[in-house]
Amino acid sequence: MSLTAKQQAFVNEYLIDLNATQAAIRAGYSAKTAYSQGERLLSNVEVSSAVSAAKAARSEKTGIDATWVLMRLAMEAQADLADLYDDGGSLKPVKDWPLVWRQGLIQGVETVREGSGESISIVDKVKISDRIKRIELIGKHVGVQAFKDRLEVDVSDDLAAVLAASRERALANRG
-5 MSLTAKQQAF VNEYLIDLNA TQAAIRAGYS AKTAYSQGER LLSNVEVSSA
45 VSAAKAARSE KTGIDATWVL MRLAMEAQAD LADLYDDGGS LKPVKDWPLV
95 WRQGLIQGVE TVREGSGESI SIVDKVKISD RIKRIELIGK HVGVQAFKDR
145 LEVDVSDDLA AVLAASRERA LANRG
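Going by my numbering, the sequence shown opens with residue -5, and the numbers climb by one from there.
Each hint should be verified, as a subset may be incorrect.
As the list claims (entries may be wrong) - Pairs of lysine-lysine residues, derived as PhoX-like cross-links and limited to a Cα-Cα distance of at most 20 angstroms, are as follows: (1) Lys0 to Lys49; (2) Lys119 to Lys86; (3) Lys86 to Lys134; (4) Lys26 to Lys49; (5) Lys119 to Lys89; (6) Lys89 to Lys121.
To be verified - What follows is a list of derived Cβ distance ranges for each label pair: (7) Lys0 to Lys55: 18 to 28 angstroms; (8) Arg161 to Ala60: 36 to 46 angstroms; (9) Ala(-1) to Arg66: 33 to 43 angstroms; (10) Glu54 to Pro92: 43 to 53 angstroms; (11) Ala50 to Glu130: 50 to 60 angstroms; (12) Ile129 to Val103: 22 to 32 angstroms.
No wet-lab data here; the hints were simulated from the structure. A quick note: this is a predicted structure, and the numbers were derived from the prediction, not measured. Idealized CB from N, CA, C, for every residue including glycine.
When you get a sec, could you build the whole thing from the sequences and use the hints?
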């Protein structure tokens, strides 16, 4: 079975921002029911397959895949702030910064001139992007479970039975 024109429009719109509600609206579904329509469309096997195929094609075309993302995050997490300064402690010109810093680790640079006359000092303020967020993303990506809110543990039936029996004994001893 192939997608309807409206379903294909949803797939195309969904790939823009991965927001099912907004994609449904842009694809022509009612704004009042867009949330439920988006959920329904994503659970549709044909639509879900089309989204997955389009994501895979986009990943192949750009060369950006899970390995690329993880390598990039690792480079950013390990970047050394000292690389932005010369031996005298002054901020290097931006063109002399390592590429990893110039491609997104800096949120902003501000140069402030303080004082007047012959006692002017220049202060360069560098605002660094959130490196902790990168570490969290790496942790989630590699599955180390370091940032899970809840840890699920699969226990054997024997252990579950022992725990249930212990619970029953504890309840019986209370009474």
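Go through the numbered hints given earlier and state which of them the structure violates, listing their numbers in rising order. Hints 3, 4, 10 and 11 contradicted; others consistent.
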